[in-house]
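Please work from the sequences and hints to get the whole structure.
FYI, in our numbering the residues of the sequence shown are 324 to 721.
Accuracy of the hints is not assured; some may be wrong.
[To be verified] Each computed DSS-like pair below joins lysine-lysine, with the alpha-carbon atoms no more than 27 Å apart:
| # | residue 1 | residue 2 |
| --- | --- | --- |
| 1 | LYS657 | LYS674 |
| 2 | LYS467 | LYS657 |
| 3 | LYS428 | LYS467 |
Simulated from the structure, these hints should not be mistaken for laboratory data.
Given the structure is predicted, the values throughout are model-derived calculations rather than measurements.
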Amino acid sequence: MTSALLPIFQPAPMLFEHGEGAWLTTIEGDRYLDFGAGIAVNALGYSHPHVVAALERQGRKLWHLLNVYRIAGAERLAERLTEACFADVAFFANSGAEANECAIKIARRYQHACGNAERWRIITFAGAFHGRTLATMAAGGNGKYLDGFGPAVDGFDLCPLEDIVAVRNAVGPQTAAIMIEPVQGEGGIRQVSFQFLRQLRELCDEQGLLLIFDEIQCGLGRTGYLFAHQEAEVAPDIMTLAKGLGGGFPIGACLATRHAGEGMTPGSHGSTFGGNPLAVAVANAVLDIVQSDEFLAEVRRKGDLMRAELAAVASRFPHVVVEIRGRGMMLGIKCALPAPQIAEALRVHGKVLTIPASDDVIRILPPLIVTDEEIRQFAERLQLALGPLVGNAALKAG
Numbered sequence: 324m325t326s327a328l329l330p331i332f333q334p335a336p337m338l339f340e341h342g343e344g345a346w347l348t349t350i351e352g353d354r355y356l357d358f359g360a361g362i363a364v365n366a367l368g369y370s371h372p373h374v375v376a377a378l379e380r381q382g383r384k385l386w387h388l389l390n391v392y393r394i395a396g397a398e399r400l401a402e403r404l405t406e407a408c409f410a411d412v413a414f415f416a417n418s419g420a421e422a423n424e425c426a427i428k429i430a431r432r433y434q435h436a437c438g439n440a441e442r443w444r445i446i447t448f449a450g451a452f453h454g455r456t457l458a459t460m461a462a463g464g465n466g467k468y469l470d471g472f473g474p475a476v477d478g479f480d481l482c483p484l485e486d487i488v489a490v491r492n493a494v495g496p497q498t499a500a501i502m503i504e505p506v507q508g509e510g511g512i513r514q515v516s517f518q519f520l521r522q523l524r525e526l527c528d529e530q531g532l533l534l535i536f537d538e539i540q541c542g543l544g545r546t547g548y549l550f551a552h553q554e555a556e557v558a559p560d561i562m563t564l565a566k567g568l569g570g571g572f573p574i575g576a577c578l579a580t581r582h583a584g585e586g587m588t589p590g591s592h593g594s595t596f597g598g599n600p601l602a603v604a605v606a607n608a609v610l611d612i613v614q615s616d617e618f619l620a621e622v623r624r625k626g627d628l629m630r631a632e633l634a635a636v637a638s639r640f641p642h643v644v645v646e647i648r649g650r651g652m653m654l655g656i657k658c659a660l661p662a663p664q665i666a667e668a669l670r671v672h673g674k675v676l677t678i679p680a681s682d683d684v685i686r687i688l689p690p691l692i693v694t695d696e697e698i699r700q701f702a703e704r705l706q707l708a709l710g711p712l713v714g715n716a717a718l719k720a721g
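What follows is the structure, encoded as structure tokens:
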């Protein structure tokens, strides 16, 4: 059967009908344990009653409202997010890529407002992923995503990760900002050292640059802290969020200090759907749960349990599992076999859903409400899926 969808995805054959918690069920009734959560999007799993109730309540009132009018839910969400971090102001968009576009514009416009219009370039890092727009693809610098779309958008200077000397050498008279993910997701669950984040903060302060943290995948409790940078005790000037913020409903956010955002004046940016009543109602419901200290402590505890279970599996398959990476419930398994092969084995033999990343890493991103028993089930199913792969590899080697 030929699909009417643009053929940019290669979907697995299952058709899911509904989900509950960490489980998805097909139209045939087969149940899958989801340890990808839509790439860290379904932070509270499927059909969470508090989120569903918020959606239903708002759905009977207003779905969309032109943002030339006040939207009470958006104002409340902005106040709650800024009170919880370094920021003073927030802009709401529909996606992470749009949030990052806003961050780029804020950084450039800040320098312009300060009388430094020549400062418009942004330093980014190898392995980064900031989105699929032309600008955010250029910011990530990955040739796989840029291929065939013409010359990359200018304005981004790529540096090696964890190399402060290279970053310092890359700063020039046109540099406006530095942009980094505190934990790289698509790049292979690479945790950036706290020391490097602090070095970047010092360099930005020294050179008059803005520091942008892309927490689209690693934010909103994923590492066991509301925002991943908080554990490092270093604050950016701008931060972007999306994915888990809406718990499955599309919403992105760009947060900034008032100082960093001083160049953004009426008409300098906008969004038709950003911050609509339905999206912010859901995001506020997600925040009700995710921001509590008790919930975040549980994420850290379950993250430790998950790492311990993965370490036990790794000890049984040392020729397949190379390394366990990440923080909290944003973990990665670096494999000696291709990551898509491992993900396929988990799906077919274990009825577990995971997501490959670059560097042959399997991303482990379960809903933050996953239970201890489900974590142990995942480890058991991972072990069952790896067994045949190890046997086949040994046969080929023989």
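Taking the earlier hints as the rules, which of them does this structure contradict? none
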